[in-house]
Structure formats: structure tokens, C-alpha cells
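Assemble the whole structure, with the sequences as input and the hints as a guide.
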Amino acid sequence: MSLLSSQVEVIPMSESGSDIEMQENSPVQSGTGRTGANLDKDDVVLSVTDLEKSFGALVATDQATFDVERGTITGLIGPNGAGKSTLFNLISGFYQPDAGSVTLNGNDITGTVPYKIVNNGLIRTFQTPRKLEGMTVREAMLVGPQNQPGESFHKLFTSPSTVAESERQNLAAVERILEEFEIDHLATQPATDISGGQMKLVELARAMLADPDILLLDEPVAGVNPTLANKLKDQIRRLNEQGTTFLLIEHDMNFIMSLADPIIVLDQGSVLTEGTPDEVRSDDRVADAYLGGGGG
Amino acid sequence: MTKAEQAVAGIVAAVAIALLLAMLGGVLSPTYFLFLFGLGGMYALMSLGLNAQWGFTGLINFSVAAFFGLGAYGAAIMTASNSPLAGGFNPIFGLALALALAAVVAVAIGIPTLRLRADYLAIATLGLAEVIRMVILNEGDYTAGSQGLRGIPSFFEGWPILSAFPETMPGLEIEIIPGQAVVLGTSFWRQLLNVSLMLAFLGTAFFVLRRAHRAPWGRVLRTIRSDEDLAKALGKNTYWYKMQAFVLGSLIMALAGVFYAHLNLFVNPGDLDPITTFYVWVAVMLGGAGSNRGALLGGFVVVAIREGPRFVGDVPVFALDPGPLRLLLIGLLIVLVMRFRPQGVLPPQRELIWPTAIDDDNRTTPKMGVREAKTDGEMQGSTDVSTEQSGGGDSDE
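Each protein sequence line maps, in turn, to chains Z and C. If you're matching positions, the first sequence starts at 0 in numbering that gives the first Met the number 0 and goes up one per residue. If you're matching positions, the second sequence starts at 0 in numbering that gives the first Met the number 0 and goes up one per residue.
It should be emphasised that the hints constitute simulated quantities derived from the structure, not laboratory data. Fair warning: there could be bad hints in the mix.
Claimed, not checked - Among the chain Z residues that face chain C by a calculated CB cut under 7 Å, a handful are:
id: 1; residue: Val142
id: 2; residue: Phe152
id: 3; residue: Arg167
Note that the Cβ used here is the ideal one computed from N, Cα and C, for glycine as well.
Now the structure itself:
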């Protein structure tokens, strides 16, 4: 099975990632299911195998199988209704899969509750930014850090000094990360009063406070102006260089093609193909899927 | 201080002066005033409990009266002279039983409902309140049924010094206006003891909630109230936090019940009537969801509305019976709050960060309360009418 060689370009693009290193041209086809994903990766942080989920008669996820290699920015694209967000919800524990398994850092996390998955090192964001009413940006950020002693009720009374110490450290971490994201001027604004784009930045910054191994971003630049989108891109690259693995859904092809490598293409609930941005762009099946060909 | 805080402080001061004058003038008996003050504190306690559940966490509990009743009956069963089970114990055991009962029932109702959407807890607690009232009414072998439990001692019965305090205190006569002597006798001192018990309960509850609210623990609860999915995605075990908040609030409501049993010295199933629940809801809405000070204020205002009409009835200009007037005032209060100040009179205004982790100069006090923007999601349905206007209306206060 080889890639068709048509050069039709359907997906809009600006620059092709010149600094992106090319991978082998033909991804290894797996024996499990009918995945187009490359399963021959060295250091896998997140592994999804034969994941299935239906809502009534609608099959949202159909034997989805792919791996995410540690240290990469992996893109997840696909036409509307391909099952991208469902997949995120299945991985992060918000939905229970009907079949299949999810492995994170070598631990099976299939069907466990979201907070345990977070403890295993995976954080996700939401497509529409969630607002925290009644909090300042700084307070909303302080929800991010994990295992705060002050989150245990009895410690508030038995060891208030530990609570104060960790709160001071977390506050310092919040200030530092807000500066890195160049939004420190927003720290004491009500969290509901900032723009949608700034909210996306806050979400990303807060997710980083949880110190995840892998961060799942659901459309990080949807509805964000180009300037802020570039800022977000720089931040994601910077965090990636510092060691965080990213898996991101995005409809903005310029954005994802210039940021992610490899890119996994999802269609009708299963993985159609995986490859470098260039490979994906020149793949006819991807074009068909986007044009409503049904991947057939 | 914000404008609202100044206004509230002014009104509270004015009311305090008016009450003092009324007592000195012999219009209001100091003993009766203390009784009313005790009732006010009791409602404030229940409001604090509901504030921990709904104000902090967004849990809709329509069982306030039931947890209050469990507290009252827990205390009464251990101490009342006609208790079919275990009368005559020291009131401390009554307090322990009351808290244990409330905690067990809160956990039992929380286990099936707190994993579900907020609505299910609301429905379940609506039913629970009635179930508990019917059980107390019908299980006469344990609760003396509709007769009620009589002969409850004062809370300090059997304590050294305090149990004999009312009798040993000398009767005082204060005569400021000639011929209008105010007598402070045994009943006054007894009532003063009751009020100090209430203040001890109220102080403890307020201290605990205030600390919890400003801590990371409270921050998780507030995150759950705004968006439970977000809290889950950030690694918080939301079920466990909701359970803690629900049990904590229920325990505080039970404390109010314990106080009531030792104030009234008699409890009957009528004390569990759902009207109490709705008074407490009004108190929390008036004070502002999530505001501990607001809950205190709301509790006392509600008692003023409940007991005030008795006095108004004496004035011939008002041809209204106290009962209807009470309902009218409550209705009017709800409408006015929802129309002009849906966020409550004293909503939380400041950032809630652990106090010693941040210097006060660095803490922001936004001109506009950080909560001001919140209009939707607050009591779905009932505020819908006010939602449209509240955005612009008074947001610059």
C-alpha cells in the first residue's frame, strides 16, 4: 500500500515547515484494526489502541489506534464529525470507551476518572475556554498546581504554615508563568473580563502549572486573532522544547502544519493516516475525507 | 469599604441603637431581645451551612430544615425527660449524636447524587426533607411522634459554675428613664447563656468557613461551582470535594438545631416544616452567594422579617395580620434583591488567596466586585427575569 502521488493541494497552507525533519515515507501499518498510524515509535507517552465509542447508532470512535511519541508536538486533524473531540474526551476520562485501551506512561488508564488521569501526567483543555466566575486571573491560575496541601481540609487547621508556604510558592510560580506568557498585567483582572484569546493563553499557562507530561489542546487558536495565535504558537514551541509533549486538535491548517509533526488524520472515527505535514498535505485520501468523500 | 459595606454597617448601627433605646425605654424586654438575637444567630448558622453548600460549591440543598431537625432531635433524644430512647444524658452527648446523625444522613444522600448533575441533589434533598419529617412524626417509639420531646435541659446543665449561673447572678434593676425600670432577672441570665452558646457555635462555624473559603480547598469548591468539568480536567476529585462541602454544611445546620433544642426546651415534628428551608435560602440569596458575612446578615434580616410583624400588628395604621405581612415582606425582599442586586447585598469582593501568602497591599480590591459579572447560572430560572437588567443596572457600585 503506497501513497497516491497526486499533487492536488486541497488543504490551504502558507509555508511548509522548512525546519521539520522528514520521516520515512511509508508509515508502518499495524496489524490491529485498520489504522494508518505509525506505531513504530521509540518513546511512547500516550498510546491509544482500538478505541471504540458509539452514541446510539452513531459510531463516533471506530477502532482508533495511534501512539504519541514523547517530546513531539503531534497534530490531530480531520473533518468535522471525524471524532476528534470524542477521542479527547475518551482519553481524558470524560467519556467511557465501549472497547479498546488507553495507555499513559505505561499505565493503563482506560475508563478511569479524569483526576486520576491528571495524576498520571495528562492535562487537557477545552474547545471553548471555561470561565471561572468570581475569580481574578491569578486565582484562576492557582487552581492549576497539583497536590496542594491547602486542598486538604484538615491541613488548613493542623498545619496552616505548610499551606501558606505552598500557596506562596504557587503564587510565585503563577507570576513567573504569567510573565513568560507576557500576560502578567492581567493577573488581578476578573477572570471573566479578559478576551477569548487571552483566556486561551491563561488556560495554557494554567495547564502548565500542573506540570503535565503530555498536554492535550482542543483547538487552541479557534477564534483567536493572528497576533495572539502566533504568540500561542511560540509558547507551545517553547514549552515543547522544555520537555512537554503536545497533542493538539486544530482546524487552522496554517497553524497546525507549521507547528505539529507528525500529524494524525482522523476520519469517521478511525485513523486515516499519519505523517509529516508534507505527506499529509499530498495525500489524496486526506483530501477526499475533507471534501466529504467519506474516506472510501 | 465598598458603598454596600458602608450602607450595611450604617443600617446595622442604626438598628442596634434603636433596639437599645427600645430596651431602655421598656418597650422591648431585654430577655425577649436576647431570645430573638438567639433566633437570628440560629438562622445565620443555617445560612452559613447553606453558603458552604450552595454559595461555595453550587450544591442545591432543599433539606436545610431536615438537617436542622436532625440536629434538634439528636440533642433532644439524648437529653429530653420524655425521650423514649435515652433521656437525661449530658447535652454534650446530644451534640455528638446530632452531629453524627447529620453526617451520616449527608453522606447517605450524597453518595448516590453527588456524582450526578446538580439537579439530582436538589430533587433528592427535596424528598429527603419530607422523608425525615415523616419518619420523626411516625416513629413514635423513638421520637415520641407528634407529642414532641419535652423537658430538654439548658445546654449548660450539669456544667460546673455555668449550670447555676442564672440563679447565682443577682437581679439587676436599671432605671434610666424614671419609673421605667428594666429588670434583669434569672431568665435574662439564662437567655444570656443561650446567646453565648449561639455565639460560640456561630463563631466556630464562621472561623472554619472563612479559613476554608480563602484556602486552596475553597478555591477548588469555587471552581466546581463555576465549571465542574474544568475542575476535573485540572485533576480535582470533584466528587470528594462536593461530599466534604455537603457534609460540612449539614453539620453546621445541625449545630443550629442543637442550639434550638436547648433554646426552646421542646422540639416537635413541626420544627422540620419546609418553610425554614426557604427562609434560609432567602437569607443566603440576600447576603450573596459565597459570602460568609452575607450569610450572617441574611440570617438576622430573615428573623427580623419573621418576628417583626408581631410588633407592627400593634400599630393600628397597618391593618394586616402578622402572618400575611410576613409573607408579603419575604416576597418583596426576594423581588427587590433579584431586581436590583442579584449578586446579593454583600457578595465576596476580594481575591481569596491564603492570607499569609500575600501582603495586603498586593491584594486587589477591584472597584467592581469580581463576582459582579455573574448573572447566569445563579438559581436557574428564578433569576432569569433579572438577568437582563442586572448587567448594566448597578455594576458600578
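Please list, smallest to largest, the hint numbers that this structure does not respect. none
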